[in-house]
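If you read the sequences in order, they're chains A, B, C and D.
So the first sequence is numbered by this note's numbering: it starts at 1 and just counts up by one.
So the second sequence is numbered by this note's numbering: it starts at 1001 and just counts up by one.
So the third sequence is numbered by this note's numbering: it starts at 2001 and just counts up by one.
So the fourth sequence is numbered by this note's numbering: it starts at 3001 and just counts up by one.
Because the hints were derived from the structure by calculation, they are not lab data.
Ideal placement from N, C-alpha and C gives every residue a C-beta, glycine not left out.
Keep in mind that a hint or two might mislead.
[As the list claims (entries may be wrong)] What follows is a set of in silico ranges between Cβ atoms, one per label pair, in the way DEER data are often shown:
(1) B/Leu-1034 to D/Lys-3073: 37 to 47 Å
(2) C/Val-2163 to D/Ala-3155: 45 to 55 Å
(3) C/Asp-2129 to A/Val-14: 52 to 62 Å
(4) A/Phe-80 to D/Gly-3069: 47 to 57 Å
(5) C/Gly-2209 to A/Phe-101: 37 to 47 Å
(6) C/Lys-2140 to B/Lys-1071: 53 to 63 Å
(7) C/Asp-2129 to D/Ala-3155: 30 to 40 Å
(8) D/Ala-3155 to A/Phe-101: 27 to 37 Å
(9) B/Lys-1071 to D/Val-3161: 25 to 35 Å
(10) C/Lys-2231 to B/Gly-1070: 52 to 62 Å
(11) C/Asp-2129 to D/Ala-3012: 52 to 62 Å
(12) C/Glu-2011 to B/Val-1526: 30 to 40 Å
(13) D/Asp-3141 to C/Thr-2117: 45 to 55 Å
(14) B/Gly-1065 to D/Ala-3155: 51 to 61 Å
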Amino acid sequence: MASSSHEMDKHLKVYYIVFGCLAVLTVLTVSVAYLHLPIVAAVAVALLIACVKGSLVASFFMHLISERRLIFVILGLCLFLFLMLLLVPSLTFFEPHYSTFVNGVSGR
Amino acid sequence: MSHDHGHDLPFWRKYIFSVDHKVIGIQYAVTALLFLFLGFSLISIMRYQLAYPGRDIPVIGKLLGEPIVGKTPTGYVLTGDGYNAFGAMHGTIMIFLGVVPLAVGGFGNFVLPLQIGAPDMAFPRLNMASYWAYFSGGVVMLTSFFVPGGAANSGWTSYPPLSDIATTGQTMWLFGMVLLITSSLLGSVNFIVTTVQMRAKGLSFFRLPFFVWAQLVTSFLLLLAFPPLEAAGVLQLMDRLAGTSFFLPSGLVVSGQVQNQLSGGGSPLLWQHLFWFLAHPEVYVLILPALGIVAEVIANNTRKPLWGYKSLVYSTIFLGFMSFLVWAHHMFMTGMGQTLSTFFQATTMIISVPSVIILTCLVISLWGASIRFTVPMLFALAFLPMFAIGGLTGLPLGLTTSDIQLHDTYYVIGHFHYVVAPGTLFALFAGVYYWFPKATGRKMNDFLGKLHFWPSFIFINGVFMPMFFIGMAGVLRRQFDQTEQLHGAAVQGLTVMVSWSAWMLIISQFPFIINFFWSIFRGEKVEANPWQATTLEWSAPSPPPHGNFATPPVVACGPYEYSIPGKEKDFCPQNVALEA
Amino acid sequence: MSTVAIPYDIEPHPITGMYNGKFGLWLFLASEVMLFGALFSTYILLRVGAPAGTWPHHGSEILDVPKGTINTLVLIASSVSMVLAWASLKMNNFAKGRVFLLVTFLLAGVFLVIKATEYYAKFTHYQIDVKTPVLLHGEKVTRITGHLHEQTDEHVVITPDAVKGQEHPAEMEIERDNIVRLTNFGPQHSTYMATYFTLTGLHGLHIVGGMVVILFLLLTGPSMWSKNPAKLTNRVECTGLYWHFVDLVWIFLFPVFYLL
Amino acid sequence: MLAASSFGHYGAWLPPLISVHGAEVDRLIDILHWFMLLLFVGWGIFFVYCLVRFRRRAGQKASYVLPKGKISKYAEVGVALFEVVLLVGFSMPAWAEYRTHPPAKDHRVEIRVIAQQFQWNVHYPGPDGKFGRTAAEFISDANPIGLDDSDPAAADDVQLVNEMHLPTGKDIYVRLTSMDVVHSFSIPTMRVKQDAIPGMEIPVWFKVLEGATTENLDEQMTRTYPIGRVAWDRFRHHVAAKDYADRSGQVILARGGDLGATFRDGKKLLERLRQAGVTELTLRPRNALELVCAQLCGNSHYKMHAQIITHTPQDYEKWLKEQSKPVEFNEDF
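In isolation and in its complexed conformation, chain A is listed as follows (with noise of 0.2 Å):
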């Protein structure tokens, strides 16, 4: 159970790595909002970057590297339901062929 300090400061110096690589990638990401790439590129690297510094606090901080099979089938299980919960909407929201979005009364 109790691990050896010498794991323990390897553990230290990737946290310490960590925070920096997390701190400049939101300098990194602010920097490029200011660029206005067109929409679809700053959608894209925002939710990259995003992805990225997401990625390393769930990995190192959350040890979700070192952790088991069970956990991952839990949050992929996860992952699945969130993008059906976003396609299936999607799709009937923008249904092309026959419906229109009024305001109201308005129309002719």
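Could you slot chains B, C and D onto chain A? The hints should help.
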């Protein structure tokens, strides 16, 4: 960790703020039974309005008084809003305060740790918190009847914009739901951890009683399906309290008033998606524990192993997973195109396959049996055809073309009530009769049990069977007075019949109520294993002490080892090796 | 509290590799993923489906990006101190662990204070839509944003926001009859503000919840450390998992609201 | 002309059918119910047989060995296959017709329907075929949909409340929306149902069977009932097809009259008829067709219904022209 003992705890710690899973289970069960009775009473009053529209409610109308019912020169009647409030609260109470707490909170808490040979749940204090969150949720829901405008009256589905512009009761409903969701989340975390981490030695996953499997899958459904509803609830609260427009589109005109102080830009469909993302898995939350109970009772009373145990388990897991992928079949009439409707029709047809497999397994288990017609078995057996009717009538609703005519009619009401009322509720009654001796050390009376079963079975069909015909005739649900419409007036006779059956049904529950309380004190005393069952809960004393087992049980065989050839006794408990 | 000894309360289960609390916490986080997942998909759906012109082109038009950036760094730092607190306990250094916990608590406080100033700025910033256009910056406009000075039954006095490189405009008086809609930049302002307040508000509540737990650990830590150090370490680990998750949510919230 | 008896009756099965696509709906419902009945009866026979054959009695010992056999598997696969057939062969084609292939623009009758608590507002473009502009600011009691009178296209527009006129045998294309809460546009006799969602305009289309005019339906639905079966609840929307008088010749129930406004009135009237020696009543529905709301929309949800009147295409054109004539002010009025 500390030195006090279960038996010298003060009363309020032992029975009220208890951390013992068995006490919590019983608290859940008793509270839920009370709520079930309340939910049933609400609908009984509504059925008077439906059978005899606009006529004064005899006796009960006077007892309720204003503002719950409206005054007329001669007496009291339900008002349109009151009817809608009763309807919405009937649904909410039955599902979220009645059936789920009884099936999961009650039976799950009481039976699951015993069946896996654990001393308690993994987080006893969380378990207590879960009950009290549920209890508070219930209190909030009940109080909402007395706020101005009455309880929530936008249906248990609370579709906005109607629910966004509804009276204060809706806000109370949302707060109540948040508490109930919290309770469910705490409970499901507890169940999963307990099942995965705390099984007795030798109790591998494929030696688990089917009931435990059902509870495990149910817990996953609760864990992952409830949060989106919680999110939706928060959004609706924001709409109601902070003036946002998550579910309100631009340009609304309500009662001739242009709503130009609202920002608009929201979508009513969004709520429906978030709601049904929970509410379809919720159907399986209602049905899976029931299937678990029925499987236990059937195995015990056929005196033989269940047929197709592994198919049952795999079907249940598959059912649980698929239940997340069918929700939009509740929304076929919202203007859905070919792509999505095909997807959801297909998943709906697919989900019927594991249900068919489960039912087949249970019915084939009867073959070659020696069936004891005990009271729990009567309820479990009645469950099978009732669940079959409920399942089959789901087919026309799952196909868009036939759904055009049947959507939102009484056909839908008949369909899901067959699944939940003579289905799940009968299974829950089977569970009460079956595990009562474990909880109290006494058996419930057989004669009263049969007096409960037979009239219930007859009248419950009298309630729900005509609904298919009423729905077929085109009568829509949630109508205060169906005779207001031509096609509704044509089948008013059937509606009167439904109402009378419902009132007879509520009378049929009195033998149960009497039996329940009488048996607690005066019931026949029985030994630890009165049904000669095999699963672990029966190897603990009745009622089990704090900590359940004197020594941790060690499991040596599968869950349903009945009638092994060449053995003297026709059952072999799980903690006894087959060879011994 | 109870005489019943719960298996795997402290030591990890041989198959899952986790003690009960940690497994339970991961399950709780799974449900949290679904909660925030549903809210994120709400955001995406409403944004993609919004009629043209109803959402800001860029979050920075409305929100304060420097404050948001600082808050991101504060939260990341609190995550680091949280993990260091756990590591210190693991290395049997309770005093150091306690200091790191305290640092985490304080950083969380800083985050909330900064967030509160941002909220305050939004609630005191107004938007007025008028029927008859009024002259502002040399143009006829139907929408004015700025800070209110006076509100009476007849009129409203507002100082319009300055445009970069121009002189600050003078106060304007607008007749009540001419006002179609008067609102601050609170949640009711638009779908954008609604999602912003709901998501960051819910996130803020999670921060508050985490602070309560950390405070509890700070207060009860010493006595528990003397009785059952492994249990305290586990509790700090679980709190840490939760805290990192809250951090992770912010990592997504920040670009989504401030930068896009 | 179609035989008047081919539309069916109101009762405990599907209501009369007067739309073209409805036949597909009804066929699927019929097939499904025969299939369900077959399955349930087959299953039930097995179930009951087991209960009787394997009940506990002397000498009936349970067998540890589980029955083997593939019948259950075949049954399961059979059910699954049949479901696929229903989906692919019946439901999908009909749905495609109903939802994804709108009738061409040049030969359809377009109508706007704007639902509101608790009424159906119907907007016709008039003979010019153009809808006038509508906007919330023009809404008033007399103008519930907010028609802009200054728009030239609006001059011949017709707006009706709780009344919808439709031509038979023509493609009808309804542009559906709601101004407040979610409603649902449901015509049971036409097998049409579509939610009316505020903020969205969703079209729904259908065709009324030729010959299914209100006139014909009224005639077909005239039936004679023994007076014992006539109760106010069931027949409150019916009117008498002829006069009923008492022995002195005084008319109690005139042709076209109904059973009264309340249950009590009805009871009294029926009593009087009985005393007058009337043994059977010939009745017909006041309006054979209804448009109802299928989605809970508030406390008067059940009252939200409109009458539908179907005309032959010629009569429809005539009616529309009459309606769209600007109302001339009458001094006497």
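Hints and how they fare:
With their beta carbons about 45 Å apart, B/Leu-1034 and D/Lys-3073 fall inside the hinted range of 37 to 47 Å. Between C/Val-2163 and D/Ala-3155 the C-beta distance comes to about 46 Å, which sits within the given range of 45 to 55 Å. At roughly 53 Å, the beta-carbon separation of C/Asp-2129 and A/Val-14 lies within the given 52 to 62 Å, and the hint holds. Our hint of 47 to 57 Å for A/Phe-80 and D/Gly-3069 is violated, since their Cβ atoms are close to 37 Å apart.
Restraint check, C/Gly-2209 to A/Phe-101: a C-beta distance of roughly 38 Å satisfies the suggested window 37 to 47 Å. The hint said 53 to 63 Å for the Cβ distance between C/Lys-2140 and B/Lys-1071, and at roughly 58 Å that hint holds. Taking 30 to 40 Å as the suggested C-beta distance range, the pair C/Asp-2129 and D/Ala-3155 conforms, at roughly 32 Å. The beta-carbon spacing between D/Ala-3155 and A/Phe-101, approximately 28 Å, falls within the hinted interval of 27 to 37 Å.
A hinted range of 25 to 35 Å holds for the C-beta pair B/Lys-1071 and D/Val-3161, which are about 31 Å apart. C/Lys-2231 and B/Gly-1070 have their C-beta atoms about 59 Å apart, which keeps the hinted 52 to 62 Å range intact. Hint check: C/Asp-2129 to D/Ala-3012, Cβ distance near 56 Å, so the stated range 52 to 62 Å holds. For C/Glu-2011 and B/Val-1526, the hinted distance range of 30 to 40 Å is satisfied, since their beta carbons lie about 39 Å from each other.
Separated by about 50 Å at the C-beta atoms, D/Asp-3141 and C/Thr-2117 satisfy the suggested range of 45 to 55 Å. The hint said 51 to 61 Å for the Cβ distance between B/Gly-1065 and D/Ala-3155, and at roughly 56 Å that hint holds.
Going down the numbered hints, you'll see the structure goes against just number 4.
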